[in-house]
Amino acid sequence: NTNECVHLVVGEDGSYRLDVGYCDMYALQLQRQAAKSRFLMSTTIIEEQGKPHMINLACIGNDIYHIEPQTDEVWFHCHKD
46 NTNECVHLVV
56 GEDGSYRLDV
66 GYCDMYALQL
76 QRQAAKSRFL
86 MSTTIIEEQG
96 KPHMINLACI
106 GNDIYHIEPQ
116 TDEVWFHCHK
126 D
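Under the numbering used here, think of the first position of the sequence shown as 46, with each following residue one higher.
Take these hints with a grain of salt, some might be off.
[Unchecked claim] The calculated label-pair distances, taken between Cβ atoms and stated as ranges, are:
1) Trp-120 with Tyr-67: 15 to 23 Å
2) Asn-107 with Asp-58: 37 to 45 Å
3) Gly-59 with Ile-105: 26 to 34 Å
4) Ala-80 with His-111: 14 to 22 Å
[As the list claims (entries may be wrong)] In silico SDA-like links for lysine to any residue, alpha-carbon gap of 25 Å or less:
5) Lys-96 with Leu-73
6) Lys-96 with His-122
7) Lys-96 with Asp-69
8) Lys-96 with Lys-81
Note that these hints are calculated values from the structure, not bench results.
Small disclaimer: the values here were computed from a predicted structure and weren't measured.
All C-beta atoms, glycine included, are put in the ideal place defined by N, C-alpha and C.
Working from the sequences, and respecting the hints, build out all of it.
In structure tokens, the structure reads:
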């Protein structure tokens, strides 16, 4: 399936595993939709349940928010200053 992303996860001991998911597709799609509306939104990779997971970041005023593009959950991350 070309809509899946594949992550190569390398452990501290040098071991590795392949991880397959759809998170990048949702995060990049949300980023493109925001850009069409002239909003700047970035993507970032976090660890969720021991696996890499791509989400979005949005800067609103002095605040930075994380956005889970698959569920539309939004949470405050930090202040810029």
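For the pair we were handed, Lys-96 and Lys-81, check the Cα-Cα distance against 25 Å.
violated, 30 Å
Falls inside 14 to 22 Å, the C-beta gap from Ala-80 to His-111?
At 18 Å between Cβs, range holds.
Determine whether the Cβ-Cβ distance between Trp-120 and Tyr-67 falls within the hinted range of 15 to 23 Å.
Roughly 21 Å apart at Cβ, these two residues keep to the hinted range, so it holds.
Cβ-Cβ distance between Asn-107 and Asp-58: within 37 to 45 Å?
holds, 41 Å
Are the Cα positions of Lys-96 and Asp-69 separated by 25 Å at most?
Given that 25 Å is the threshold and the Cα spacing comes to 13 Å, the pair holds.
Outcome for the supplied range 26 to 34 Å, where the beta carbon pair is Gly-59 and Ile-105
violated, 41 Å
With a cut-off of 25 Å on the C-alpha distance, tell me whether Lys-96 and Leu-73 pass.
Within the cut-off at roughly 18 Å; holds.
Restraint status (C-alpha distance of Lys-96 to His-122 at most 25 Å):
holds, 20 Å
In summary, the numbered hints that this structure violates are 3, 8.
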